[in-house]
Amino acid sequence: MKPPPFTYVRAGSIDEALDALGEHGDEARVLAGGQSLMPMMNMRLSRPAALVDANGVAELGRVERVNGTVRVGAMVRQSALTESIDIARGIPMLRDCAPWIGHWVTRNRGTVGGSIAHADARAELPLALVALGGSVIAASRRGRREIGASELFAGHFTTSLEPDELLVETRWPAASPGWGYAFEELALRHGDFALAMVACALGVEHDIVVRARIAVGALGDRPRLLEGLADMLVGQRLDEAMIHQAGSDAAAGVVTHDELHASAAYQRHVVPVLVRRALRRALGGASA
Amino acid sequence: MTVNGRRHCERVEARLLLSDFLRHHLGLTGTHVGCEHGVCGSCTVLLNGTAARSCLLLAVQVDGSEVRTVEGLADAEHLDPLQEAFRRHHALQCGFCTPGILMATIDFLDRTPDPTRHAVEDMLSGQLCRCTGYAPIVDAILDAAGA
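As you go down the protein sequences, you meet chains A and B in turn.
Residue 287 is where the first sequence ends in numbering that gives the first Met the number 0, and the numbering goes up by one at each step.
Residue 146 is where the second sequence ends in numbering that gives the first Met the number 0, and the numbering goes up by one at each step.
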């Protein structure tokens with residue numbers, strides 16, 4: 000298997016990458032870690048006329064904390080989610096979800112920005128970004144703009160990024176005291192794409208939930224924030240009966256379809272289980 | 000690029016995969032090609048010391064980099080200690096997956112010097128072996144880590 004021929008541009012800076020994207024327009028694809036794009040090109044499911052390689056752009060590899068936000072450069076490798084202290088402390092949900100992303104070796108190359116720009120509905124990082132209410136910075140020769148997670152994902156493999164835009168940075172609200180985070184997933188085999196996954200952030204004061212964000216992924220064409228469920232939890236003491244109820248309510252709030260590996264009925268069984276596990280662990284983290 | 004300490008300079012088509020460059024251009028056929036879409040892990044090599052699928056890299060991408068393949072492990076006389084551990088534990092049968100597993104494990108043990116059995120199993124989830132059932136591979140890796 001070989002990719003079809005293409006023009007290769009090795010960008011040395013953001014500006015060089017933007018020039019190449021501006022020149023080739025929607026015929027170009029950005030090559031980040033290549034753990035999704037290269038298989039698609041090898042199998043000729045994707046045939047970009049030009050490939051803009053961002054691996055040489057050092058400025059895309061930074062992690063920095065600015066006020067209450069952790070800024071993670073688009074080319075930061077997924078292995079850094081567990082190995083970078085700044086990320087592990089600042090965004091505990093990412094440390095929790097990292098082991099679910101592909102495999103140990105693919106995380107060495109796969110990038111945070113690449114996975115988010117790829118917008119696979121079954122991928123973990125888009126769900127985490129939606130659950131935490133993060134955003135991305137998109138750059139083009141026309142300037143820069145910030146896109147909130149809920150406006151970014153437009154469907155399976157589809158984002159609101161324009162063809163000449165480069166995702167340069169992802170922004171994540173930093174963890175605060177009193178908050179707990181959890182990421183739960185079910186896949187047929189470890190490292191495979193999820194059948195269902197749940198990400199949850201809980202802010203707790205004196206055993207009462209003061210803020211909650213819960214999102215479900217792998218069902219439907221993009222990650223989905225369960226706002227009604229979060230509203231229901233705020234002001235409550237999360238005992239086991241409430242956690243059980245929350246799981247059942249979550250299942251009622253998602254639309255499921257029969258799929259090859261999981262019937263709709265099975266998905267409606269799995270979602271509550273994952274929501275309950277995530278709530279228990281996030282609650283434990285918030286109370287710790 | 001430098002492969003196992005030897006410099007190679009060639010002009011190649013942009014679409015040439017690193018795995019094919021190693022095998023067809025340099026004759027280093029120890030790097031095995033299984034699925035060619037990043038699933039099986041047979042083609043894993045070290046790129047600047049970090050394990051990576053060579054079927055998901057373009058040869059032109061690693062211009063100026065250092066690549067290490069399974070041929071770079073043993074010298075003329077001695078196997079690498081990890082290879083010795085694989086031999087002691089019968090950690091290969093047909094051997095197709097072995098080069099990729101060895102290269103992934105070299106990097107893994109570098110960064111995880113004292114791994115748990117679970118961590119080794121987790122790392123191996125990205126390396127397909129259809130013969131051994133993995134148990135002897137895990138034993139060999141834990142043995143090499145303890146050595």
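Treat the hints loosely; a few may be bogus.
Only some residues are given here: those of chain B computed to face chain A with a beta carbon under 8 Å [as the list claims (entries may be wrong)]:
1) C8
2) E9
3) V11
4) H36
5) G37
6) A50
7) R52
8) S64
9) G71
10) L72
11) A73
12) E76
13) H77
14) P135
Pair by pair, the computed Cβ-Cβ distance ranges are [unchecked claim]:
15) B/R129 / A/R140: 23 to 33 Å
16) A/D14 / B/E9: 28 to 38 Å
17) A/E145 / B/H7: 38 to 48 Å
18) B/C93 / A/R64: 42 to 52 Å
19) B/E83 / A/R140: 47 to 57 Å
20) B/L78 / A/R141: 50 to 60 Å
21) B/H117 / A/H155: 41 to 51 Å
22) B/G94 / A/R141: 28 to 38 Å
23) B/D62 / A/E58: 18 to 28 Å
24) A/R64 / B/R110: 18 to 28 Å
Okay, the calculated bits of chain A under chain B, using three or more residues with CB under 8 Å as the criterion [unchecked claim]:
25) 148–162
26) 224–236
It should be emphasised that the hints constitute simulated quantities derived from the structure, not laboratory data.
Even glycine gets a Cβ: it sits at the ideal position worked out from N, Cα and C.
Hint check results:
1. C8: violated, 17 Å
2. E9: violated, 15 Å
3. V11: Status violated, d = 11 Å.
4. H36: holds, 4 Å
5. G37: Cβ of B/G37 sits 5 Å from chain A, so the hint holds.
6. A50: holds, 5 Å
7. R52: Given a least distance of 7 Å, the restraint on B/R52 holds.
8. S64: With Cβ-Cβ at 10 Å, over 8 Å, it is violated.
9. G71: With Cβ-Cβ at 18 Å, over 8 Å, it is violated.
10. L72: Hint violated; B/L72 Cβ to chain A Cβ min 17 Å, cut 8 Å.
11. A73: violated, 22 Å
12. E76: With Cβ-Cβ at 30 Å, over 8 Å, it is violated.
13. H77: The hint is violated - B/H77 has no Cβ within 8 Å of chain A, the shortest such distance being about 26 Å.
14. P135: violated, 20 Å
15. B/R129 / A/R140: 23 to 33 Å: Once the Cβ atoms are compared, 50 Å apart, the range 23 to 33 Å for A/R140 and B/R129 is violated.
16. A/D14 / B/E9: 28 to 38 Å: holds, 30 Å
17. A/E145 / B/H7: 38 to 48 Å: holds, 44 Å
18. B/C93 / A/R64: 42 to 52 Å: holds, 49 Å
19. B/E83 / A/R140: 47 to 57 Å: holds, 56 Å
20. B/L78 / A/R141: 50 to 60 Å: Because 57 Å falls inside the window, the suggested range holds.
21. B/H117 / A/H155: 41 to 51 Å: Violated - the Cβ-Cβ distance for B/H117 and A/H155, about 33 Å, lies outside 41 to 51 Å.
22. B/G94 / A/R141: 28 to 38 Å: violated, 54 Å
23. B/D62 / A/E58: 18 to 28 Å: Given range 18 to 28 Å: holds, Cβ gap about 20 Å.
24. A/R64 / B/R110: 18 to 28 Å: holds, 24 Å
25. 148–162: violated (count 0)
26. 224–236: violated (count 0)
Comparing the model with each numbered hint stated earlier shows that hints 1, 2, 3, 8, 9, 10, 11, 12, 13, 14, 15, 21, 22, 25 and 26 do not hold.
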